[in-house]
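Single-letter residue listing:
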Amino acid sequence: MRGKTFIAHDELPEVLERLSKTMDVWIPTAINDEKCVIQFLPYQPDRLPVLDRQSTMPPKKVIFPQVETLLHFSRKKDENDPFKSHIELEDEEEVSPVLVFGARPCDVRGFLVFDEVYLNGPYKDPYYAKRREKTLFATLVCETSDNACFCSAVGSGPADQTGSDLWIIPVDSGYVIEALTKRAENLMPEMGKDATEAQIAEAQNVQKKVAALHIGEGDLTQSSDDFEDRFSDNEFWRDMAFKCISCGICTYVCPTCYCFNITDEAKDLDGERIRSWDSCMFNHYTREASGHNPRPSKLERYRNRIGHKFSYFPKKYKGMIACCGCGRCIRRCPVALDIRNVVLSLKKNKENVDV
Amino acid sequence: MPMDEKTKTLQEDFEKNFADLELVIGWETGFDRLHATPVFIRQPSELGKLVWNPLCSQNLSGYLAKNLDASIQEDGKKIGICVKGCDSRSLVALIQENFIDRDRLYIVGIPCEGTVDLRRLMHLKPSLENVRKVDIEGDEAVVETDQETLRFPIENVLARKCLRCLYPNPVIYDTMIGTPLKPRISEDKLYSAVEKFDTSDRKQRLAFWKTEFNRCIRCYACRNACPLCVCQDNCIAESRKPKWLTQRDGIREKFLFHMIHGLHLAGRCTECGE
Numbered sequence: 000m001r002g003k004t005f006i007a008h009d010e011l012p013e014v015l016e017r018l019s020k021t022m023d024v025w026i027p028t029a030i031n032d033e034k035c036v037i038q039f040l041p042y043q044p045d046r047l048p049v050l051d052r053q054s055t056m057p058p059k060k061v062i063f064p065q066v067e068t069l070l071h072f073s074r075k076k077d078e079n080d081p082f083k084s085h086i087e088l089e090d091e092e093e094v095s096p097v098l099v100f101g102a103r104p105c106d107v108r109g110f111l112v113f114d115e116v117y118l119n120g121p122y123k124d125p126y127y128a129k130r131r132e133k134t135l136f137a138t139l140v141c142e143t144s145d146n147a148c149f150c151s152a153v154g155s156g157p158a159d160q161t162g163s164d165l166w167i168i169p170v171d172s173g174y175v176i177e178a179l180t181k182r183a184e185n186l187m188p189e190m191g192k193d194a195t196e197a198q199i200a201e202a203q204n205v206q207k208k209v210a211a212l213h214i215g216e217g218d219l220t221q222s223s224d225d226f227e228d229r230f231s232d233n234e235f236w237r238d239m240a241f242k243c244i245s246c247g248i249c250t251y252v253c254p255t256c257y258c259f260n261i262t263d264e265a266k267d268l269d270g271e272r273i274r275s276w277d278s279c280m281f282n283h284y285t286r287e288a289s290g291h292n293p294r295p296s297k298l299e300r301y302r303n304r305i306g307h308k309f310s311y312f313p314k315k316y317k318g319m320i321a322c323c324g325c326g327r328c329i330r331r332c333p334v335a336l337d338i339r340n341v342v343l344s345l346k347k348n349k350e351n352v353d354v
Numbered sequence: 000m001p002m003d004e005k006t007k008t009l010q011e012d013f014e015k016n017f018a019d020l021e022l023v024i025g026w027e028t029g030f031d032r033l034h035a036t037p038v039f040i041r042q043p044s045e046l047g048k049l050v051w052n053p054l055c056s057q058n059l060s061g062y063l064a065k066n067l068d069a070s071i072q073e074d075g076k077k078i079g080i081c082v083k084g085c086d087s088r089s090l091v092a093l094i095q096e097n098f099i100d101r102d103r104l105y106i107v108g109i110p111c112e113g114t115v116d117l118r119r120l121m122h123l124k125p126s127l128e129n130v131r132k133v134d135i136e137g138d139e140a141v142v143e144t145d146q147e148t149l150r151f152p153i154e155n156v157l158a159r160k161c162l163r164c165l166y167p168n169p170v171i172y173d174t175m176i177g178t179p180l181k182p183r184i185s186e187d188k189l190y191s192a193v194e195k196f197d198t199s200d201r202k203q204r205l206a207f208w209k210t211e212f213n214r215c216i217r218c219y220a221c222r223n224a225c226p227l228c229v230c231q232d233n234c235i236a237e238s239r240k241p242k243w244l245t246q247r248d249g250i251r252e253k254f255l256f257h258m259i260h261g262l263h264l265a266g267r268c269t270e271c272g273e
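Chains X and B are the protein sequences, given in the same order.
The letter at position 144 of the first sequence is residue 143 when you use numbering that gives the first Met the number 0, and the numbering goes up by one with no holes.
The letter at position 111 of the second sequence is residue 110 when you use numbering that gives the first Met the number 0, and the numbering goes up by one with no holes.
To be clear, the hints were calculated from the coordinates, so they are not data collected in a lab.
Just so you know, these numbers come straight off a predicted model, no measurement behind them.
A hint or two may mislead.
As the list claims (entries may be wrong) - What the simulated footprint calls covered on chain X by chain B, stretch by stretch (three residues with Cβ under 8 Å from a Cβ of chain B suffice, anywhere in the stretch; the number is not a length): (1) 50-60; (2) 116-128; (3) 238-249; (4) 258-266; (5) 278-285; (6) 329-335.
Note that CB positions come from ideal geometry on N, CA and C, so glycine has one too.
My request is simple: use the sequences and hints to build the entire structure.
Following this line, the structure appears as structure tokens:
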């Protein structure tokens with residue numbers, strides 16, 4: 000295996016430029032240099048990566064776009080009988096190889112949750128699978144946390160390399176890069192020049208320092224039973240969900256939320272079947288064709304969000320919880336609703352609960 | 000009146016009047032001291048949670064129409080609610096539209112020097128740790144952390160709507176905490192930014208709106224936080240019958256959604272900025 004490489008700060012655009020000749024390189028970037036909103040976009044010479052803070056939106060859309068076309072359809076009328084028509088379908092879409100440069104460990108962990116559902120279950124999602132297979136992650140060891148971060152409380156951490164293909168360690172004058180998987184090795188010749196002993200030693204220190212950090216309090220991974228005990232405690236859920244305004248931002252900024260909707264968007268004889276992000280916080284998410292809605296209020300919907308992430312999911316998928324601790328749902332919530340507080344509260348004052 | 004004193008006066012006022020109240024809606028400190036979050040208090044012992052500071056940005060009046068049935072009075076008990084100037088204007092609109100019965104409310108109005116836009120603050124200072132207090136002193140926002148005291152010109156960190164706010168004082172209230180403030184802007188300058196924007200040509204204006212709306216992720220937080228977006232689960236942006244918008248995430252759909260939002264609020268919007 001080739002050793003570690005080094006990219007100086009001013010060489011980074013050059014490296015990204017070179018890489019983007021053979022693949023789509025997605026970087027966290029700010030539009031108009033307004034660092035208020037940072038999102039992952041394909042690299043272009045006028046787009047610089049913003050690596051000094053977590054992105055507003057995770058790189059979820061790189062593999063799971065907010066909207067993707069599953070197929071095109073067109074109705075062709077029968078020339079001899081105008082009352083007859085047949086449908087023509089077209090569903091092939093080429094996917095290019097992708098490098099996500101500058102994601103954080105929590106962002107990448109989100110895809111491990113996706114993998115369980117879309118790749119490892121009884122049904123394999125072909126749309127997700129073809130993108131996932133061609134996507135590599137160059138992940139930045141995470142030195143910048145804030146009070147909404149809690150990756151260590153969900154069994155990960157700011158130096159967690161799980162799911163990453165390349166590892167980026169910021170040092171004083173640039174970045175030290177290391178290949179973690181076999182498929183990433185081919186990219187190493189493009190990743191700057193060989194790192195010096197001193198740079199490698201500096202990088203090891205950073206890695207060691209960050210690995211020792213514990214981000215977030217408590218352990219949220221063992222909450223399944225507490226959730227079940229709490230399930231029918233309506234007063235608890237009313238209090239927890241009261242401030243929620245039922246928007247979908249927590250699910251849209253979440254690296255692990257994978258629910259989607261499928262709709263046919265047609266005009267005249269042609270149209271597309273598209274798949275788009277859905278949100279369990281919306282009323283119509285569970286509205287049935289009859290008009291009945293099993294989750295009619297935000298109490299049921301919020302309870303489901305907690306249950307799905309911290310109870311149903313780990314029960315089904317070998318104990319893995321569907322939360323990566325990135326804190327975006329807390330940080331971006333218009334009313335600062337704190338999911339950690341809700342999960343930790345499951346355990347509190349249990350004497351009132353009918354078990 | 001200093002901020003801490005206002006918080007104290009606020010708590011004391013509700014303590015005094017709690018016998019007539021079934022619920023108090025206010026703000027408390029959120030997951031850290033840089034975030035405020037709505038709080039719903041049903042026990043007088045919890046009144047100590049209430050805070051008032053420039054982070055109390057959420058307009059709480061929406062909860063009255065959407066979460067609680069504040070349009071009818073049954074047991075004689077009232078709902079206590081804290082409002083800034085802009086929030087109080089939303090209350091007036093909701094009362095006018097018969098969503099809320101004025102007699103059902105005990106309104107505590109707080110003159111407001113403006114709220115801090117955290118995105119603007121974090122843009123300038125991405126890692127703000129161990130924040131103790133955020134306050135406004137004259138033309139500066141003061142952020143006290145365990146280590147240092149930082150001062151920012153308000154132009155750079157206040158929510159933009161607060162910089163051009165004509166109503167810092169509540170227009171409807173039962174009790175006012177503190178003394179009324181003078182608006183930062185005179186009425187004739189209120190729309191100067193809009194007037195300037197209006198002088199740019201159509202192409203430039205369209206380019207501006209496209210850039211702005213392109214950021215939209217259609218999470219509907221703006222709609223749901225809006226106290227006057229009262230259609231709730233029946234918004235035509237999401238209905239399939241009639242179908243105005245597709246599920247696509249292109250600029251056309253985002254533009255149309257915001258046009259719908261804008262037009263439905265025309266003449267009703269109180270510029271609370273939610």
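Hints not upheld, ascending by number:
When the structure is compared with the hints, only number 2 turns out to be violated.
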